[in-house]
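Engineer: Go ahead and model the full structure; you've got the sequences and the hints to work with.
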Amino acid sequence: MKRPTIDSVRAALPALDELRPVLDQLIADSAPDDGRAWAGSGALASVDDRLVDGDALAAATDTLAEREAAHTSAVYATVSEAVTALGVGDEAAAARGFLHVFALEEKRDRFDAAEKWADAAVRAAERASDQELRSLALRRRGRARRACARYRDGERDYERAFEISDAIGDVQGSAEAAIGTGNLLEDEGRWDDAEQWYRRALAILDDMAELTSERWHALLNLHVVQRAQGEVEESVTALREAEAVATEIGASEAAMFLENAWGQWHLARGEHMEAIDRLRTALDRAEGTRARVTIRLNLAQGFLQSSRTLDSVEEARRAEQAAIVGTAFGQLPEVYRLLGRAAATEGNPDAFVLFERALALIDARGLPRIERARTLEVYALAEEQKGEVESATALRREATELYAQLGIRPARTR
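My numbering runs 115 ahead of the 1-based position in the sequence shown.
If you are wondering where the hints come from, they were derived from the structure by calculation, not from laboratory data.
All C-beta atoms, glycine included, are put in the ideal place defined by N, C-alpha and C.
Watch out, some of these pointers could steer you wrong.
Claimed, not checked - FRET-style restraints, in silico, Cβ to Cβ:
| no. | residue 1 | residue 2 | range |
| --- | --- | --- | --- |
| 1 | Ser-123 | Thr-199 | 44 to 52 Å |
| 2 | Asp-307 | Ala-282 | 53 to 61 Å |
| 3 | Thr-199 | Glu-386 | 37 to 45 Å |
| 4 | Gly-284 | Glu-461 | 54 to 62 Å |
Structural biologist: Laid out in structure tokens, this is it:
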């Protein structure tokens, strides 16, 4: 009996949000189709082609239901506590409860739900006239909006949070808000503006008697925007300073970010072997699925740039497996973009299949439109490579329109 694919199961099931955890479990337990491994189509396989394990789902059903019930119970308990707090006029307690649920939803990559909880926290904090709490809620809502690619709204949240924290003398809150604003501006390709916000965060932190993690965060981000603007040699100063601060305060969690940054710095200099070595070190120190997937993709990029296409594909497939097992499905479009580029580099005329799979996945999971724009842009380059000028032009036009709608400058798309 042939096992069904993820694609066929997704098509058969109704598109209900309550079934998302079930589909996620099916994907996590799925396996590649060994029958395609040595066929030409195997190189173009995606998560949709993986085979479903019905027995594994049956065995996991109770655990899955318990996990979902525990999450729902935690949400309902917080709502109950918030209602009680509102009944006695304690809006601040309600806001803190809403932020607790925000964290629960953010951890599950449910950023649309997380934004709604942060929004509720903002409103409750405003009614409580608790400015420190209000700033915190605005920063969390800004973070969720960034994840949803709602950059302008997120930017306004962070800027307002900065004004509030600055007015009440909350140095760490001000620094975090400044860094968050810079992150959003960086996403939009407004690198000069982002750099100014990172420098503002560093100036604020100068007033603190002791070093905090916000300083290495700001320095690392400063390095990134300088490198992105072509100031490769100059950017190393901020990177070394970030490394020194992280070492001094014993921030072991910084290691993977710093090694990853060093790897990307070497890539920018065309030093592929050095880049690959640093990225492998970053991977050894990586914590969490999302970090491991990101670093593996950077490593695959390093192999691709050094014309080691087979190594690049192998690393990208490892990133795919890590994303599937760790249920970081929002990162899969990036995996298929890289695999599509590798296939196009090898002259595979069917490379477009991987880009189409990425687009289908983005639509199926309701991922932010920026993922679609990025995929269309890389897809256009691949089509151009094989001489399909008309198709490439149409794809690039749609990508450009999407970027414009999102407020992203053309320079960012590099």
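Engineer: None of the hints should be skipped; say for each whether it holds.
Structural biologist: Evaluated hints:
1. Checked against the hint of 44 to 52 Å, the pair Ser-123 and Thr-199 passes, with Cβ atoms roughly 47 Å apart.
2. Hint check: Asp-307 to Ala-282, Cβ distance near 26 Å, so the stated range 53 to 61 Å is violated.
3. Taking the beta carbon of each, Thr-199 and Glu-386 are about 60 Å apart, not inside 37 to 45 Å as hinted.
4. The hint said 54 to 62 Å for the Cβ distance between Gly-284 and Glu-461, and at roughly 58 Å that hint holds.
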